[in-house]
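Visitor: Spelled out from the first residue to the last, the chains are:
There are 2 protein chains.
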Amino acid sequence: MATLSVPDQLPPVAEDCDRLHNAFQGWGTDEGAIISILAHRNAKQRSLIRQTYAETYGEDLLKSLDKELSSDFERAVLLWTLHPAERDALLANEAIRKLKHFVVLEIACSRTPRDLFLVKEEYHARFKRSIEEDVAQYTTGDFRRLLVPLVTAYRYDGPEVNATLATSEARILHEKITEKAYNDEELIRIISTRSKAQLNATFNHYNDQFGNAISKDLKTDPNDNYLKLLRSAIKCLTWPEKYFEKVLRLAIKGLGTDEEALTRVVVTRAEVDMKRIVEEYYRRNSVPFGQAIKGDTSGDYESMLLALVGKESD
Amino acid sequence: MATLSVPDQLPPVAEDCDRLHNAFQGWGTDEGAIISILAHRNAKQRSLIRQTYAETYGEDLLKSLDKELSSDFERAVLLWTLHPAERDALLANEAIRKLKHFVVLEIACSRTPRDLFLVKEEYHARFKRSIEEDVAQYTTGDFRRLLVPLVTAYRYDGPEVNATLATSEARILHEKITEKAYNDEELIRIISTRSKAQLNATFNHYNDQFGNAISKDLKTDPNDNYLKLLRSAIKCLTWPEKYFEKVLRLAIKGLGTDEEALTRVVVTRAEVDMKRIVEEYYRRNSVPFGQAIKGDTSGDYESMLLALVGKESD
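Top to bottom, those sequences are chains E and V. First residue of the first sequence? That's 8 in this note's numbering, and the numbers climb one at a time after it. First residue of the second sequence? That's 8 in this note's numbering, and the numbers climb one at a time after it.
None of these hints come from the bench; they were simulated from the model. Incorrect hints may have been included.
One copy or any two copies: either way a pair holds, since identical chains are not told apart in the list.
DSS-like cross-link-like pairs, simulated, lysine-lysine; straight-line CA separation at most 25 Å [unchecked claim]:
| # | residue 1 | residue 2 |
| --- | --- | --- |
| 1 | Lys249 | Lys260 |
| 2 | Lys226 | Lys51 |
| 3 | Lys107 | Lys51 |
| 4 | Lys282 | Lys135 |
| 5 | Lys105 | Lys242 |
Since this is a predicted model, take the numbers as computed values, not measurements.
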């Protein structure tokens, strides 16, 4: 469930382009106009705007935005305007080069198999390499052993569940975790190849048969970054809104804000499941997410985020 | 370069369907008619025939063929009639279950990345599981360590080559091979993620820097099945017509014929690169491939193969 709101009566694309072009004219930039248009158009509509804008004004809309905007607001608008697969390819490439394993994992595990494939295609087109090559190149040891199969997989995406398999693989997982063989091939094979529905069944069996949630059993050393990654993969695959709530919570809480994480989650989920993430956020923090944004951000950046999460009028 | 020949003046699809339907009527079956139609239609045309046939006669053409034909001829016609991605999904599933690792490897390494992806989609649709899940389930040890990444990869498919990388990765490969670490993670990572163009450059550097072709250095123990698989992967990725020539040579030579391999190579390559495979066959065996087929097969099966390799009139 998305938080993105698109007006019932959509103006013609040419009109959107004109208004955007006008917003860039003269001395100041009309950020309000940019938000009122782009933050209320879905991926297909934004793509059409970008195409028409380029045809009409001979410049890529992203380039115009890049010239006119700055800092966190700029990044949010640029990332949002991109097509989701293109955006993910860019985010993944940046994360791979900056060794932000969690972002790579997030993209690999929270997108649908089909959407992840589209990201891989965009990655080929833009970087002339495969995403798995780059992940393999920038990671080592256990991180590589886990991340490469996770980004590479093309999981089955149907609802069918094999209960016998769930029982036997829950047993394998428990056995490996008991032996502290967290980087075991079988364990990684199960987590990186099984469908999300199947994994969900397996983790439920694990809980039922062995009395603990698998994530809990993987929390033996809270400072072990590999275990953290493994727990995140499990969370991301089977309960994405809970995973994203935590990313947002950590981005907002304490002194300072992690704008990169905040922007990433809002722009990548606004058209997907942001409504459930916002609900989960409230459930967990007893603070409405809109209010949390207002407390931690300001100006156009704040307005952009609020527009994307459907809270601009609160 | 395909060997498939399609007539310049194609009859209407409805006429092909009528002729096929007539070929199934009465006492005998008109195998000649079946060959003259199906063995001279490309994938798109066959698919259209199948669709129109089902609409006209209320039965899947494959089912009609299945009822009328038998043994090697039947298998060749059925496999050929299928859409390539569907055919590969079926072949892969059969090979996985029968532990024919070489066939799995062949499909993973000789198809274009895009075609391999289409196979994975067909596999999902038909078997409600991913191909990598099944490969992982039916293999163990080193075989699994190599085959799972090979079937999973979505390689970059462009012509760009990074020479620095080719040099450094040739060095890594040589190091691991010298240490007899044939199942090493780095070695498998390189072979399973790099683009075919990049791998080709790497193997050339290997040859230039270390004086031997990599395949030769991997031939320390001719009876080691894992090493055989590794060499086949290298051959299949960088020189598929040579790989397929060998499969055909082994299928034909000696007493008896391996019809399964013969059929598989002919039906899967007739629309792709069979012309080059046939040339390579002649270069290596000094016997024209058409003649070899005539020597080892007979009847309708022989006619079908000859039609597909463009040698029916020889």
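Visitor: I want to check one pair: Lys226 and Lys51. Are their C-alpha atoms no more than 25 Å apart within a copy, between two copies, both, or neither?
Guide: neither (42 Å within a copy, 54 Å between copies)
Visitor: Could you place Lys107 and Lys51 in one of the four classes (within, between, both, neither) given a Cα distance threshold of 25 Å?
Guide: neither (29 Å within a copy, 45 Å between copies)
Visitor: Up to 25 Å between alpha-carbons, please classify Lys249 paired with Lys260: within, between, both or neither.
Guide: For Lys249 and Lys260, the Cα distance is within 25 Å only inside one copy (16 Å; across copies 61 Å).
Visitor: Is it within a copy, between copies, both, or neither that the alpha carbon of Lys282 lies no farther than 25 Å from that of Lys135?
Guide: Neither: 36 Å inside a chain and 30 Å across chains, both beyond 25 Å.
Visitor: When no copy is specified for Lys105 and Lys242, does a C-alpha distance of 25 Å or less occur within a copy, between copies, both, or neither?
Guide: Result: close within a single copy only, 23 Å intra versus 35 Å inter.
Hint violations for this structure: numbers 2, 3 and 4, all remaining hints satisfied.
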